[in-house]
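First to last, the protein sequences are chains A and B.
Counting in our numbering, the first sequence runs from 1 upward without gaps.
Counting in our numbering, the second sequence runs from 96 upward without gaps.
Hints in this document: simulated from the structure, not taken from any laboratory.
Because the structure is a prediction, the values reported are computed rather than measured.
Each residue gets a CB set at the ideal place from its N, CA and C atoms; glycine is no exception.
Keep in mind that a hint or two might mislead.
Some chain A residues well away from chain B (every beta-carbon gap over 10 Å; in silico) [said to hold, decoys possible]:
| id | residue |
| --- | --- |
| 1 | P24 |
| 2 | L25 |
| 3 | A28 |
| 4 | L53 |
Quick partial rundown of chain A residues pointing at chain B, CB under 8 Å, derived from the structure [said to hold, decoys possible]:
| id | residue |
| --- | --- |
| 5 | V46 |
| 6 | M59 |
| 7 | Q66 |
| 8 | G80 |
| 9 | A81 |
| 10 | I82 |
Letter by letter, the chains look like this.
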Amino acid sequence: MHLPFISDHLPLPLAGEGRGEGKPLKLAFVLFALLVGGCSMSKWTVKPHQRELLADRIMQLDADPQERSAEEHVLANREGAIGGTGTSGGGCGCN
Amino acid sequence: MQLARTGSIAILGVGLAVIGLARPARATNTAEGAARVTMFDEPSDKNIGVRVIHPQADVSATVASTLAISAGYSADVVSGATPATFDVVSAATKFSDTRNLFHASFGFEQADGGISFAGAYGWENDYKSTVISGTTHHDLYEHNFTLALAYSHNFDRVCDANNAAAAGLPLERVALTSSAGCFTTNPAYVTEKLSIDTFEPSLSWTMTPRLVVQGGATIQILDGFQANPYRKVLVGSQNRTPQESLPQFRQRYALFARLAYAFPELRGSITGMVRGYDDSWAVRAITGDVVGTKYIGQAMLVSVRAHYHLQGGASFYRNSVDYRVFGPPGQYWTGDRELSPMGNYLLGGKLSFFRRPQQERSSWFAEMELGGKYEILLYRPESPFSPNADRKFAHIIQAAFATRF
Numbered sequence: 001m002h003l004p005f006i007s008d009h010l011p012l013p014l015a016g017e018g019r020g021e022g023k024p025l026k027l028a029f030v031l032f033a034l035l036v037g038g039c040s041m042s043k044w045t046v047k048p049h050q051r052e053l054l055a056d057r058i059m060q061l062d063a064d065p066q067e068r069s070a071e072e073h074v075l076a077n078r079e080g081a082i083g084g085t086g087t088s089g090g091g092c093g094c095n
Numbered sequence: 096m097q098l099a100r101t102g103s104i105a106i107l108g109v110g111l112a113v114i115g116l117a118r119p120a121r122a123t124n125t126a127e128g129a130a131r132v133t134m135f136d137e138p139s140d141k142n143i144g145v146r147v148i149h150p151q152a153d154v155s156a157t158v159a160s161t162l163a164i165s166a167g168y169s170a171d172v173v174s175g176a177t178p179a180t181f182d183v184v185s186a187a188t189k190f191s192d193t194r195n196l197f198h199a200s201f202g203f204e205q206a207d208g209g210i211s212f213a214g215a216y217g218w219e220n221d222y223k224s225t226v227i228s229g230t231t232h233h234d235l236y237e238h239n240f241t242l243a244l245a246y247s248h249n250f251d252r253v254c255d256a257n258n259a260a261a262a263g264l265p266l267e268r269v270a271l272t273s274s275a276g277c278f279t280t281n282p283a284y285v286t287e288k289l290s291i292d293t294f295e296p297s298l299s300w301t302m303t304p305r306l307v308v309q310g311g312a313t314i315q316i317l318d319g320f321q322a323n324p325y326r327k328v329l330v331g332s333q334n335r336t337p338q339e340s341l342p343q344f345r346q347r348y349a350l351f352a353r354l355a356y357a358f359p360e361l362r363g364s365i366t367g368m369v370r371g372y373d374d375s376w377a378v379r380a381i382t383g384d385v386v387g388t389k390y391i392g393q394a395m396l397v398s399v400r401a402h403y404h405l406q407g408g409a410s411f412y413r414n415s416v417d418y419r420v421f422g423p424p425g426q427y428w429t430g431d432r433e434l435s436p437m438g439n440y441l442l443g444g445k446l447s448f449f450r451r452p453q454q455e456r457s458s459w460f461a462e463m464e465l466g467g468k469y470e471i472l473l474y475r476p477e478s479p480f481s482p483n484a485d486r487k488f489a490h491i492i493q494a495a496f497a498t499r500f
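With the rest of the complex left out, here is chain B (with noise of 0.2 Å):
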């Protein structure tokens, strides 16, 4: 099914998601509903490439101005082929897979703070994953300041092969080739454990009336397996195929800024980040994301975004020419393109429509909202021979809808 990966860094996306999931529903609305369809297609030199629809349907409310609750629900549905590079033995095969996730939380809101928990569930032919997290925010200085800290905890499990005799020989180790006996009692396929702690501080700063800055940092343990358990990387000159070998500890640390700048006379703002990131397999990066907004009219919004993230490869990455003829440099190897360097470059806009009624107190909603986004990924590997070089770019394609009350 070769979704593993997919699945897996998915997951992992899932805790820091839930956070921010876990706020509390905004205070201005009592009730919303939304729902959001996005696109991801990332065509291949060599093959179909892969193709993912994520719908999202969220509820949240807030009850007796202090509680609030949201629940929402959200899916991956991929197809494609798994990327050529790497594949030169097994040559690029189909592979088709859902991922389903259920989330939901409450929280408790009061004038200069608040505290906030979230669950959430999801699964797919070849993981599992449970997550719980706790937000917990406070204003400061006449709300001036805001204190926040996120916890996220996840209990994942991944379906592997069984290479219990292969123990403390990696280069004897197969890549599982199907999730059809994962989670059973077939004895060929064992459950892995991989157990994600992210924490989250950051101080938001109210600078001036059209100014807001945001300052934080991102903690990231994990301990488990957290390799493809479907790749295989061609190691030696001996033509050797053995499943794809990591760590089983990684410590990832990002340091950010955010700030959002109103530009008034053009009904407009600017909003920006800039992160600096490192990691226990010496993987850093600098990433940059600015969004500029304007309205047009009186029911119009009209956005352009702008992303560049720019990294260095793990400790123990080489090129696939590289582990060919030179073998890997210890006992790990990877064909991972978000372990390889490269770059990112994101461009975009989105446009979204609003419906306010005239006569709000006859009216059954108080908005509704419709908006249109789309934005394109180019790839800038380091090599023809890194990993997923025949793929180029990808395209996101976003339709959403949502209606307060």
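If we strip away everything but chain A, and leave its shape as in the complex, we get (with noise of 0.2 Å):
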């Protein structure tokens, strides 16, 4: 199975370092280099071919629409506040 890892994409030297005074700025361009990296690595498409892992029950964040309305009606009777249900399941796009 294909599992698209970001980890060849090494930051480069930055300026201060080994002085520690990069450190910040290298930790905020290696999360950037990784998010960017991660997304241009795929070309900011998951494949359909590449979508197994996806397609599984346990990816799909509404995949129980009976018991999420179970677990919502429990706890929007005991918290003071609503949402973050989601409104559709994204991501799979399967079919």
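Quick one: dock chain against chain with the hints and give me the complex.
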């Protein structure tokens, strides 16, 4: 199975490296590189043949509307906040 | 009956729940039938507490690959006693009631989007609710993004005592004592309106073959009678116990982010949600939820869940001692735990078993699922004088069965 990791996108050396001055900047750059690198590696898209994991029920944000409804029913009665239940299980696009 | 507040909040949730149920049946199944029973048991230090039995039954089907239809029924069979802390004068009273809810939806699904509509009608002795909702979603950039919009509107009716003589004098308002005359021509009762509009846009992004993220917002506007008509609040040093008094309007806002991440090496996943919340009554909250799920063998799925919620109180909230000693800060007062500063912790686990026929073509079903769940909800009130402080925790026990064809 193809598992697209992003570990081969390493950050470039930064000014101040070795003196501890560029650590926050370096960390930000690494995070940015990981994010953009991950995206560019997949060219912003995940191909249909790469969606095997995403199609599994355990990867659905709203796999079971009935269960979600029961959970929300309990918590809406015991918490003063609403929202975040999601309006559509996104991501798979398997059809 | 004391259920109205429970019922009203429950119905508030119906809009969002219907939004979720309005989603078409999954394209991978042509039909599904599911039944579930949840028991919510909340013991009390001072009385019998509250127990709610919540059965659900739903069917859904996809016709001609594009038309998705679903229908279902759920109920709340509630019994118990009113919370002790705020019932200083009347003492805790026993109650029982049943809420019924029917819902149905239809939708059209195409390769890169869909639209669906749903309706629900719920009723109990002192509360009636009609909900309509619509959901649309569209896939973008080769199905890597999904933009979804959902809207629902509640036309709710609440039974209340006739307080016409106390118009403009909230301290003179009396609480409802029984639902026996609700929704009749009995002049001692009136029917109040409550409209609820909920709008929820979200954007999902398939970031990698093992990571899906979603961000969104929830906006809800309530206009109408929002108090518990049975609830009395002890205010001032003269032992006056007027009916709970809440503002007519409430605007609620939430921003949320969700994710699902796969661990194929472990045959598992993690899903999570974080939410920030604010509203026009000055209730602010942050909520986090995480679920870890793992396959065990070919026919078993186990998951564990942790949930945390922390909120501040409404601008007009005071605990029972402060209401009595200092009086209310204005024309509004409440004994609602959900408007008080508090925290909730939830921990639990779920076990599901699947049965799939070896020879699918020769079987009358594609999959059967049997599941059980236990969760414990721990309450952390701000003080011993907070609403419902006699109730420290609740057990949530659930059994579910589904057949997919």
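Q | Closest C-beta approach of V46(A) to chain B relative to 8 Å, hint status | A | holds, 5 Å
(Q) Checking a non-interface call: every C-beta of chain B should be farther than 10 Å from the C-beta of P24(A). Is that right? (A) holds, 24 Å
Q) L53(A): least C-beta distance to chain B exceeds 10 Å? A) The assertion about L53(A) is violated, with a minimum of 4 Å to chain B.
Q: Report holds if the minimum CB distance from L25(A) to chain B is greater than 10 Å, and violated otherwise.
A: Fine: 24 Å to the nearest Cβ keeps L25(A) off the interface.
(Q) Using the nearest Cβ pair, does M59(A) come within less than 8 Å of chain B? (A) holds, 5 Å
Q | Restraint outcome when Q66(A) is required to lie within 8 Å of chain B by C-beta distance | A | holds, 5 Å
Q | Cut-off 8 Å, beta-carbon criterion: hint that I82(A) touches chain B | A | Holds: closest Cβ of chain B sits about 6 Å from I82(A), inside 8 Å.
Q: Answer holds if the nearest beta-carbon of chain B is closer than 8 Å to that of A81(A); otherwise answer violated.
A: Check passed: Cβ of A81(A) comes within 4 Å of chain B, closer than 8 Å.
Q.
So, as I understand it, the hint says G80(A) touches chain B; can you test that by seeing if any CB pair is closer than 8 Å?
A. holds, 4 Å
Q) Taking the closest pair, is the beta carbon of A28(A) still more than 10 Å from chain B? A) Correct as stated: the minimum Cβ-Cβ distance to chain B is 19 Å, above 10 Å.
Checked against the numbered hints listed earlier, the structure breaks hint 4 alone; every other hint is satisfied.
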